[in-house]
Structures are given as C-alpha cells and as structure tokens.
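Add chain B to chain A, keeping to what the hints say.
Number of protein chains: 2
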Amino acid sequence: MCAHCRERAGASFDVHALTVYLAGGEEAWALRQRVTQAVANDPLYAQKTGKADWTRAQLYERTLEMYLGMTKKVLSMKEKDPLAAGRVLRELLDEPCGLDLHVGMFIPTIQGQGDAEQQKQWLPLCYNLSIIGTYAQTELGHGTYLRGLETTATYDASTQEFVIHSPTLTSTKWWPGGLGKTANHVICMARLVTQGKDYGPHAFVVRIRDANTHVPLPGIAVGDIGSKLGYNAIDNGWLRFDHFRIPRRAMLMRHASVDADGMYHPPKVAKVAYGTMVFVRADIVQNAALFLKKAVTTAVRYASVRRQSNADPSTGKELQVLDYPHCQRTLLPLVATAFAFHFTAEYMRNMYTAFEKSSRTSGDFSALPELHATSSGLKALCSARTKDGIEECRLTSGGHGFMAAAGYSGTLGNYAPNVTYEGENNVLLLQTARYLLKAAQRVAKGGAPAGGAAYLLCSSAPARSPLGKSTEMRDEHALLDAYRHRSARLVAEAATAAAKTMARGGDTFSVDQLAWIAAANAHCACVILTAFQDGVRAAAKAGLPASGVAVLRRLFVLEALSGMDSSLGDFVEDGFMDASQARLLRATLRQVLGDVRPDAVALVDSFGLSDLFLNSCLGSYDGDVYNRLFEYAQAAPFNDSQTGPGYERLLQTRLSKGFGKPKL
Amino acid sequence: MCAHCRERAGASFDVHALTVYLAGGEEAWALRQRVTQAVANDPLYAQKTGKADWTRAQLYERTLEMYLGMTKKVLSMKEKDPLAAGRVLRELLDEPCGLDLHVGMFIPTIQGQGDAEQQKQWLPLCYNLSIIGTYAQTELGHGTYLRGLETTATYDASTQEFVIHSPTLTSTKWWPGGLGKTANHVICMARLVTQGKDYGPHAFVVRIRDANTHVPLPGIAVGDIGSKLGYNAIDNGWLRFDHFRIPRRAMLMRHASVDADGMYHPPKVAKVAYGTMVFVRADIVQNAALFLKKAVTTAVRYASVRRQSNADPSTGKELQVLDYPHCQRTLLPLVATAFAFHFTAEYMRNMYTAFEKSSRTSGDFSALPELHATSSGLKALCSARTKDGIEECRLTSGGHGFMAAAGYSGTLGNYAPNVTYEGENNVLLLQTARYLLKAAQRVAKGGAPAGGAAYLLCSSAPARSPLGKSTEMRDEHALLDAYRHRSARLVAEAATAAAKTMARGGDTFSVDQLAWIAAANAHCACVILTAFQDGVRAAAKAGLPASGVAVLRRLFVLEALSGMDSSLGDFVEDGFMDASQARLLRATLRQVLGDVRPDAVALVDSFGLSDLFLNSCLGSYDGDVYNRLFEYAQAAPFNDSQTGPGYERLLQTRLSKGFGKPKL
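If you read the protein sequences in the order shown, they are chains A and B. 19 is the number of the first residue of the first sequence in the working numbering; add one for each residue after it. 19 is the number of the first residue of the second sequence in the working numbering; add one for each residue after it.
Source of the hints: derived by calculation from the structure; they are not laboratory data. Honestly, I wouldn't trust all of these hints.
Identical chains share a label here; the pair holds if one copy fits it or two copies do between them.
What the hints assert, rightly or not - Once the Cα atoms are required to be at most 30 Å apart in a straight line, the calculated BS3-like pairs of lysine-lysine come out as:
1. Lys98 to Lys375
2. Lys91 to Lys675
3. Lys90 to Lys559
4. Lys675 to Lys518
5. Lys286 to Lys456
6. Lys375 to Lys559
7. Lys335 to Lys456
8. Lys98 to Lys463
9. Lys375 to Lys456
10. Lys138 to Lys90
11. Lys215 to Lys463
12. Lys286 to Lys215
13. Lys286 to Lys375
14. Lys286 to Lys675
15. Lys138 to Lys91
16. Lys90 to Lys675
17. Lys138 to Lys675
18. Lys98 to Lys559
19. Lys518 to Lys463
20. Lys138 to Lys98
Only a predicted model underlies this, so the values are computations on that prediction, with no experimental measurement involved.
Just chain A, same shape as in the assembly:
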C-alpha cells in the first residue's frame, strides 16, 4: 500500500464531507472540480508546471496570455455562473498578472469615484480592454502615509487643464502593478492644487502611453522597476510626469470636484472608502488561509512519504518524517491555523456583508470602527503568520524543499508582499490598538465596549486559569478565556502606560508602541479563536458528520494550545498559569499532536487543492514524489545540453588537456 493510501485509510472522519463543506457545498465543489478538469486538459494552462524555470519575460508573457484567455475559456465551459467559474480559474492560475490592478483597482476606482458621465466614458473601454489601467499612488519616497505624497495636479483655469508634475525624485510613482509595460492608463493620486491652495491627494485618470505604439506620451517617463523576490509575472513600474497636461474632467468627480474656473468642492461624505478597504482585507485573510493550506498540504504529504534516519530495526526502514515530534510540532499546528484562518475569513465576510447591508439600507455606519480595527489587525496577523508558516513548511521538507520543484519558492515569493501591501503590518496593528485604547477607556469609565472587544470587561475576572485545575486542559471555554485574559491584561497594561504618556503630552502609539502591538496581536488571536469556535458550531449545525466536527474540535484545541506554548510568557507572567500548568500544557499538546497525527493527510486532502494548483513534486495527491522529482529534473532547461553554459569558452581546453582518452 502506498504511503498516502495507508494514511488515508487511517483517517477518523469522512474526508469527502469535510471537503464539500469547506468548499461551500456540493454545487461549489462540483464547479471547482469541473473547472480544474477543464484547465488541466488545456495546454495553455497546463504549461504552468514547469514555470520555475521560465525567464522573467516568459513568465510575464505566458501569464498575460493565460489571463487574456480566461474569458474565452470560461465561456467555453458554458457554466451557469461564469463569474464563479472565473474566480476558480483565477485561483488555479495562481500567479499575479499585469492586469490585476486594472480589474482590482482601476475599474473599481472609476466605479466608486467617477461620476455618471465619467463612468460612461471609461468603463466600456475598460471592460473590453481597449484601455488597460493601473493605480498609481505609492511614490519612491512615500508609502503608507497618503498625506506624504508629492506628485501635484495644478489646475490651470486658462486652458481648463490639470498640470501633473513630479517635482522631486522621491515623488516618482513606484510599484504600481502593470505600470512597467502593460498599462496605458493610470489612476494617478496627486495633490490637487487650485486657486493657489493644496487640497491634498485626489484621483485623476491619465493616459500615459500612445494607443497605437504604446510609447510613453510626451511629458511621461515610465518603466519597470526591475525584478523582485517574487511577483515577477507582474511589471511593477515607475512613472514620472513633466508638467503633463490632462483635461479638467480627468479628475474623478463623484465626490470632490473642481469647476471650470478652478473652484474646489470637497467631498460630502468623508471616509466613504473604508468599506472597500475592509473587503480587500477580508480577501487577504482568505488568501492567507489558501496559501497556508497550499504549503501545509505539500509539507504534510511529503512528510508522510519521506523517511529519514533512525532506521526501524524490524523493517530496516528509516522513520517516517511525520512521526518525528519536531515535525509534528511544526506542521500540525499549521494545519489547525489554516482551518482557523478559513473560518476567520468567513467571519470577516459575514461581518462585512452585515455592515454593507445595514449601512446601505438604513444608513447605519456604527459597526465601522470595529470592522476597520478588526480587519486591520487580522490582515496583519494572518498574512505574517502565513508567510512564516510557508517557510516553516518548507523547512520540514529538508533539502528537497529548497528545489523549485517543491513549489515553496514560488509560493513564498508570490505570497511575501501580502505582509507589506494594503498597509504595513505594524501600522495596521496600531490601528487595532487605537480601537482597543478607546474600548479600554470606555471600560475605565464603567461603559461596555461593543462586539468583539466586550471581553475586555472581564479583565478583573479569574486571575488564575482553571485549565488543568478545575477543568481539563482541553476545555474549549477555559482555553478561550485564557486568551481573553491575556488580551485584557495586555490592553489594560498598554492603556495604563498610555494614560501616563498622554499626561506628559506624548503619543502613546509611538512611545508605548511595542506594548500596543503586543496587545493588538493578542486581541486578534481572540477574534480568530472565536471565529474558529463559531465556525465549528456552524459546521455541526449545517450537518457536517460528527466525526468531522470532532476532528475540527481537536484542531481548535491544537490551535489554542500551540499558541499558548509559543507565547507561554504571556500566560505565566502574571501568575494566571503556573509551572505545573505549563508542564501539563506541554504534555497535553503532545497528546493532541498524537491524536491529530493519524488524520493529518486526510485533513490536508479536505482542503481540496488540485495538483495543478499545488504545482509541487512533493505535494501531489498520489505521493509519487521521487518519480516526479526525477522527471522534473530531466526536463530542466539546464539539461538541454550535456555541457553547461560557457563550457567551450571556459572549461573545454582545460579539461581535455593531457587526456588522450578517459582514464579510470
């Protein structure tokens, strides 16, 4: 019996049922399989398996080709819901593309900030790709801080034009995806200056390249910023304006506007864009779940095939790597975390949907502060944990994890930017901290913080954890309470420090920054565990078989225990837990790892990720690792010739000198 077959036969739960549940039901799962099948048999899409050896130019061109072919492909499938099929196909491609910001930022910004006439002018051209746009905000010297942008758009009433200009080197637009070579338009964020006054950053639609030749227009300098750690299918670009003139109506005018005479009208509603940011961050959390699932699927499957050291005297076989405690301690909590993030993403989507509905139908924006705070922190925590998790998975795969054939290098390189974009993670955690400070201040005044921060009220609750004393160490409520206690304590301590700092006129989020980042992380851990618990309950309610619910409960306990083990100091520092509980925690954690171990392969199977998506010789469903690695190596471009690049020039004479015929 093959290694994976043996593992699968030993699973304690119905894998198919869990797979379907995670995929969102029978219909969604069937669609996913149909799309996967259709793509696997299409040479355009199936070529991606050798991707790691493509040059950057090949990666760019082939990815662009696959994207441009998506519409045709989806339509050929004659699916009832072509958009849903397209989303699955997009996920399978698993590569960023020069068109991403056209779809994800250029079009939505025109939709959201253009007035009716502007939408009518540009959107049809966008939809049929007669123009391709991107979103140019970040500058060479300015990132997260929007107010720091230097590019100016100065209104000239005499010609009714804006003059866009890059006054300094640091004002050079830098990073927009697709800007380097693909796009011929941008949304340019520039400081609007009119009638001698600077009104700060506003959005302008600017054509930058000639429609026929794709050459930059006079006054525009644009190019690619060079290769990166990953994301190289995208032509991230730079852009400079030299007093470049655009019509007045190139400014998106739905909210703010400038009259022909230069009179400025500010937007009526501030912060209208917050909702969209929450949506984007929910998406990042969902992506975190997806990429953690991807890495851990590969790592668990390979660890159940690979054997190393400590030969069993009875069989003479080396020990299964997944049976090493240190491998289990690394991988199985990551499996649990992938589930936790899955349910957290669901929680965020629900939260966003509820907010969107209540704000739209009854003008109720009251949920926004919590939504903003939670989504900021979760984006930070989940993306950082996933990035690190991918690398931890790679390391459990030993030397072979370093090969491109393993798939980790591509995953790492393409996932890494999630930690930096859409808000740098420390900056985002400080957003969560601001919300927590307000909540703490409310508690101090006898008030009750809303929603997910309500537990802060209980900070004076049990100062000693019942875990292992009056409850089992696996008690779900006591575990969650422990996380809440920690968070409440860290928030209270940071708030106390803040009061002192503010009394001195200082900025607490700068002075007490480390304490606030710790508090925000601790709060987010509570949100995640709560979402996980709610997700398990919902699964039970939705009819997931009891064996599946049981395994999810075990994973909840594993997520909670392993997190406590990793930041034990937080739980013992104030005496909430003592040395005997710490020891019991470690012993219980080891037992839970042992309980989850037999289900490990079945659990990653339930993520339902196809071989095409995984794109890994180590992670394929059949576990035929060594044949796949060997075949992969045969196909490596370096093997097109028996001699290496430069052999004739550098080595031939040297090596053949003095050897009439081979000796030895």
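Just chain B now, with coordinates in the frame of chain A:
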C-alpha cells in the same frame, strides 16, 4: 547634512578602531581594502551589481568565469599572502559556484582518505583543474542518515574492479554541487560489498564524463536537478550508475582497503573525520555572522534614510523609520546578535585550533565530545537565527525590501541552504542534547561535567533571579546566570523525562525530542553569551578604546535582554523571575534600545562591508538610496524596450482598436 553623515557624527565611539579590530588588525584590514579596491575596478568582478536580472545560464557562466579568474587576479595584486587575498576576493564575489565542492570536498577527501600513491595520482590534476570533482553522497531518498545510502560498489575479483550501481530510483545521487554540468569526477559514497559482505559506505573516485567531450561515460547518467530558491549559480546535480566499472584502486585506501583478492581491511581509527566537521561548522558560524552583518547593515542604513508617516509638525518631514520602536526592537538586537556570532565564530576557531594541536601533538582527543556537541548546536542556532534575521531585516525595509535592488532576495536565497546542509538543524541540536544528557547524568552521580557545560552543576543555585532586585537589570553576570539557570533547568527537566522514557525502553531523543531541542537551544544561547562576554574582554585587553568597549558591553546587554524578552516564558515559568521583573526587563530593554540607537549606523559601519559586497541600493555607504534605486530600474532588462514581452501578439491590436489618436 546627509542622513548618514548626521548619524555618523553622533556616534559615541571610534568607528575606525572597532572596524580594524573586527577585521583582525591593521594589516588584515588594509589587505581587505586593497582587494576590494582592485576588484571594484575590474570589469569582470564589478559586473555583479546587476546580477539579480541575470538568467540562470548567465549567473552560472559569469560566476564560473569570475572564479576561474581569481588566481590570475590575486597573483596580479602581488600580495605577500595570496591565499589571504584569495579568501577576501572569494567573500566579495559572494556567490556559490560549481567549483566550490572541488575545492571544499573533492580535494580534501583525497587528501584525507587517499593513500600516498592516490594523492600523487589525482592531486596535481586537481590543483591545475585538469579534472574537476565533486562529492556525491546524498541520494534522492536519503539525506542526513549515512547508513541509509543505497548505491553499491561491489568488488569483482576476477577483473579487480568495483561495479558501481544505483539499484533503485531513490539511490540516485542528488544535490552534489557542480555535478550537473561542471564536474567530470566525483567522490562517490557507496556501500562497499566484497566477498559477499556489505561493509557500508566508503569513498570512491569516479570519472563520470569524457575528458574531451564532457559527455557522460557509458553506464553513467548525470544532469542538473533544476532551479532552486537560491544558489542557482551552482549546478546541483543528479547521477546514476548502471553497473559502472572502476579499477580497484579508485577506492580511497588510506584508512580502509580491499586487496586484489577482495579481502577487506577496516580503518584502524574510527571517526577520524570529526575534526573536519567541527572546522566546517565553525565556518558556518562565521558565515552566519557575515550574512547577518550584511543584512543588518543594509537594513539599518536604509532605516536611517527612509521616513514614513507621523509627519513632524515642526519640520513637516515624516518620521525616520529607525526611530520607530518596533523597528528598533527588530534591528538593534540583530546588530547585537551579529556581534555575538562574530565572537562565537572566533571562540569556535580557537577551540578547534586547541583541539587540533593537542590531538596532533599529544594524541589527546578528550575535547572532542564537547567540541562536536557545541559545534553541532551552534551551527543549528546561528544558521537558523541568521536566516530568520535576514528576513526580519528585509521586512523593516518595507516594500522596497522586496525589490531585487535591495539585495535581500539574493542574500536570503543563497543563505537559506545553511539551515539544511551539513546536518539538518533539529538533528544537530539532538547531537548537542546527547552530550547534555551525559553531562546531566554525570551531575546526578555527583560528578562534574567538563568545559562549557560546567554550569549545569549550579542548577540548584539561586531559584530567584537577582536581576532588578539586588542587581541592576543590566548586570552582565546576573544576565548570564539567568541564561544558565534556564538552560540547567531545561536540561534537568529533559533528563528527568529521559530517565522515565529509558526505564520504559524508549528512545528519549525521539519521545522527549521537543524538550531536548529546547534544552540544546538554551545551552547554545549560554555558549554564545559566554563567547560574546569573553570577546569583549579580549577586545579591551587588546587595546580597543574604552568607548568601543563600552558600546560592545551595551550590545552584550541588549543581546541578553532581547533574548529574554523573546522567550520570557522560560524565565518566569518556574518563578525564577516574576511579573515585576518582567516589566522591568521590558522597560530596561527599551532604554538600552534608546542607548544603542545613536550608534546604530556607526556599528554597522564597523563591520567594514564594502558596497560591492552588499550589492544593495538600500545599503550603500553613502545612503543615496533613491538615486540608486532609480538608476537600477533604468538598467533593468525589462526596460530595453518600451513594450513588454508579447505586446505585438497579445495587446497591440486590442489597445489600438478604435483609437485614431490619443484622447485625454
């Protein structure tokens, strides 16, 4: 005044004096500068700045060319010590090469295991590169565990030949550097079978490629294993033997041998190779120091140029990134760790030299167990910490850290294998654990463990840390004692668990693995702090100015405090430290970060790393980050044309349709 000038002007110590001291004295520092100068002006070597955009073939060929040119280059410099100059040049190239294993493994193995006649036959050919070899040990299915190797060398007395054979797919040799395309010989580790008996792995010298054509000889199949996460200048390869015959004397016979009739003679001294392993690991620790210095130099310099958010109302300028507490908390301890590793590498070299001398002159091998245990654990801890540290540095550089121009991607990719090769890190930590168990058993019997483990005797010493109670939180002795207490406690706990496990007939290094890995890491942290402390004392003794010694002492305290903060649970779990001490620890850490902050740029300057070595737009000495980034982008190959790859085929028609001339 430029940002870096301002920083340098504020340093509290004499940078030149510390630079010279770290470089190993005036002479060594002068040599380093001469080589750097000579290389910077040589087009062959200066070309490396654009390296991130090279194809793999270019990277392979150009790196090989630079290596092959080294001898000529060094000789042209007419240095007194050409070998020392060569080492500096090799470091500056900062790229692995297909010849590394020829120099680092093939030649040394022949020197160490070949008899006089064999050395005479092969070594001259090796020295003038008439043959190029590599070291083929690891197999597709077998890594760390030497006894698991499957390749066989079966002696055929009738022809006096060995028949080398790869009996299975998993026996395919996999990974040897330079094997893919460069080498025409290997040292093949194969199970020696003679007179019907398997004597386990032995070393054989095997020609695999024709001297004139470089084509694999009949019976040999060989190729490259494909691209990797990094290290792509090296052609790591695979190799299969199909009953390939080699002469009897191709077996290296200095220690073991096989007679013409097939009689096997085992080696007289076992484990002769341990000394070399220690030497290699000392080298890895030194490399860890070098690469951590490299990353942190770039990160600190860029953080002292880059500004972000929180504009200062008085200047309107955004805040210096290095003034953010979270940036300081990440970077400054890494500066301290780089110094710690520097002195640890020195300690290991001294330890090795002493052992080498005593074993050679008086046959005293008694230091070997500690040497082996310490070097194993230090290799693991230092390489893991460095790999993670490089990534942490990258993250403090924000989005621009993701660009190849920043230099981190190359550093990460090329450094990463250190964690896996020369012994997987968990496996190595368990080697340290074996030594610690023996030491603990000796203590339990009333004996005293030797050398660096002697502190285990003090495990029953102060159960409460005096830090912040009867001593300052910065007290060096109390800090070191805290680390020793932690280590002694973790070793004692693991040893207690081991006693129970062994009583049940279990393998403690499997059953109690996590406890042993924790104990080994804690022990290594003590060794590192001790080496750091000794290093500072030696610097003072050697006449380093007091200001330099003072800053090193601060870094020692920072290393100790930040390590405690990161694993606080270990120090508070057993009540050794309490909540008030934990709070004081964090407050003191923040003060120390503040104390070190003004010296940050000067400290990384003192590492003496040249711009050529750093190869980073963010890390250059002059801090002219934005001009460098802009120039780098201009030179990116993607900018050779205004249109991207595939434009004519994929985009032109679409984008020009319906547009007679540019609108807007």
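- Item | Ascending list of hint numbers which this structure does not respect | 3, 4, 8, 11, 14
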